[in-house]
Amino acid sequence: MLEIKNLQVRGGTKDILRGINLKVNKGEVHAIMGPNGSGKSTLARALAGHPEIEVTGGSVTFEGKDLIELAPEDRAREGVFMAFQYPVEIPGVNNAYFLKAAINAQRKHRGLPELDAMEFMALVKEKAKILHLDPSLLNRPVNEGFSGGEKKRNEIFQMAVLEPKLAVLDETDSGLDIDALKAVAEGVNEMRSPDRAIIVITHYQRLLNYIEPDVVHVLQDGKIVRSGGKELALHLEEKGYGWIEAEPQLM
Amino acid sequence: MAQLVEQDKQTSPRLAHYLAEYRRSLERGPSQPRWVAQARESAIAQFERLGFPTTKIEQWRFTSVEPITERTFALATDGAELAASQAQPLSAPIAHAVCVNGRFAPHLSSNLDRLPKGVRILGIEATLASQPSLLEPYLAKLSLTQTSAFTSLNTAFLRDGIVVVIPARSVIEQPIEITFASVSENGGSISHPRLLIVAGEASQATVLERYVGQGAAFTNAVGEVWLGVNAVVDHYKLQEEAADAFHIASMLLHSARGGTFSSHSLTFGGRLVRNDVIARLDGEGVDCTLNGLYVGRDNQLIDNHTTIDHAMPHCGSHEVYKGILADRARAVFNGKIIVRPDAQKTDAKQTNKALLLSDDANVNSKPELEIFANDVKCTHGAAIGQLDDAAMFYLRSRGLGVSDARAMLVRAFAGDILNRVKIEPVRTYLEGILTARLPHVE
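Just so you know, the protein sequences line up as chains A and B, in that order.
Numbers 10 to 260, taken from my numbering, label the letters of the first sequence in order.
Numbers 2 to 443, taken from my numbering, label the letters of the second sequence in order.
There's no promise every hint is true.
[As the list claims (entries may be wrong)] Derived, one-sided and incomplete: chain B residues facing chain A with beta-carbon distance under 10 Å: (1) Trp61; (2) Ala383; (3) Ile385; (4) Gly386; (5) Asp390; (6) Ala391; (7) Gly402.
Honestly, the hints are just simulated from the structure, not real lab data.
Yeah, the Cβ is synthetic: ideal placement off N, Cα and C, and Gly gets one too.
Please model the entire structure based on the sequences and the hints provided.
Right, dumping it as structure tokens:
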């Protein structure tokens, strides 16, 4: 589904990603872990098409399409979703109104009929129920005045409504208390499906207790330095990121 | 007279043109009551004395009227044709009056004879001929107190226009709509539309003034609004003249005790636009709301000057002006609040914000507070910004195209002004033209 080859990204004068290789298949959940400054969020932003990300080399192919060439909205319409580490507050734009416009922009792109107000409300109510989301959030401006936990849940809620093929969760666990973390993980697990791939980017192993990954990658200094099963995350939790540097991987 | 001619030679030929037009209009126009002739005479004298403003004058510092003064606008003649679409009302009004080039056009107006008892919407020229006493206490009484060359010029050419009279305790729920159309003749003509609203004690009405036009016409408008004790007037001015039109307008408000006035100034059209709103709160407990929204593109210049004069205690004023500028459009906002010594317990709040959609657009914004009382609350705030890049990316990352994302953010920016527009068809119409007028991007 997603194939990243030798991806290089520059930020200012610094090389942030220095040759990422990653292959994610349908139905898989990959965790990408790494210390602060390792390039985790840059990778997420590069996948979503953030305008400040300058790709200087390599390729990203999503279902046979060159993702780098696509505008952010076209990536979304093709089925890529990023849950933001810091969801943006947009005063004056109603959450439900925004989400209806978004889903219909995507449906239009895919040649599907647009949802009318009734159909949309039915969909939204169903998803809100699954995520135990307070429906009154829908009538508020996007993320404005939301608590940290509400913002992250709103991201997962948007993901549930938009039903992407590939979801990238950028540190969705950061700043969440245990109840919010469980609620978010539950929402993500609901979304697991043989047709969908999920990339969970996190600093801590904690989230992976609730979202069990198929593959764990360790990102350090702009490169994936180790990949393994879910036990890799436990090792990291025990020994810290220093352990990887001390013990070169046997290829 | 000889002296006048002598002066013409010395001063600018630009003024001389309008002085000559004035004399011609006296010769050709209808005979008028003596008090009107006197008002016109003193107005032309003031115009001659003031001359057109230059950017050396503080109130015109950022707005050069050179594009107006370098042209020679002839007084528009009667009988210009108006496109049928421009004569249609917008607000599902109780009655609709139309003026073309400042002249009342009864054949384009509708339902003026089906108004509630005592409510009158009339042409000023006809009323001056038939019952001048109805107008005498009010007409030109506010405009003559102003020292503005353009306001004086309008009064000097006073002939016609619309008068709206709401009798005491009359409550009209549907809006009254007035269309002022400026149709340019021979590549550029001037007209002097005039509106007079007299709202009697405890009356209530909503008035929509809509300015439309064709070609490089110069509309030099003056409105006077008299609010009686406890009267309520909700006023809308929607300006959508042609892209090469010139529009200079003053709206003068006088409110007696307990009056409630809200103004919604909505500016879209015109090449050079100047709106002055001057409100005198001349009784206790007056509540005055001035809201404004302007949208400029290309080379448009939109200048809004407001003055709220708190003359008496316990009055409140609330002012929010917002602008959206694209391309090389420019705007000026100047909000003056005067609190006179007697105006204790004044509560005045002013906010103005501009959203610049292009690096070449700019706005000059200035609050001006003159406070002579000590027990008052006055606040003001201004902000100028661009579209939030983070918000744009967020919306796009969910599948919205650049145009849709931008439209959503622009709509959100204008939201608090649009949401206060209580005439529903007008609000819907505004939402449509708001983004339709902005340059398309994808």
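Taking 10 Å as the limit, does the beta-carbon of Ala391(B) come near enough to a beta-carbon in chain A? Constraint on Ala391(B) satisfied, holds at 5 Å.
Would the hint on Gly402(B) stand, with a C-beta cut-off of 10 Å toward chain A? holds, 5 Å
Agreement of hint Asp390(B) with chain A interface, Cβ distance less than 10 Å: This hint holds: Asp390(B) lies near chain A, its Cβ roughly 7 Å from the closest one there, short of 10 Å.
Double-check Ile385(B) for me: the hint is only fine if its C-beta lies closer than 10 Å to a C-beta in chain A. violated, 17 Å
Trp61(B) was flagged as interface toward chain A. Is the shortest Cβ-Cβ separation under 10 Å? violated, 34 Å
Does Ala383(B) pass the interface hint, meaning its C-beta sits closer than 10 Å to a C-beta of chain A? violated, 18 Å
Min Cβ distance, Gly386(B) to chain A: is it shorter than 10 Å? violated, 12 Å
The structure fails to meet hints 1, 2, 3, 4 from the earlier list, while all remaining hints are met.
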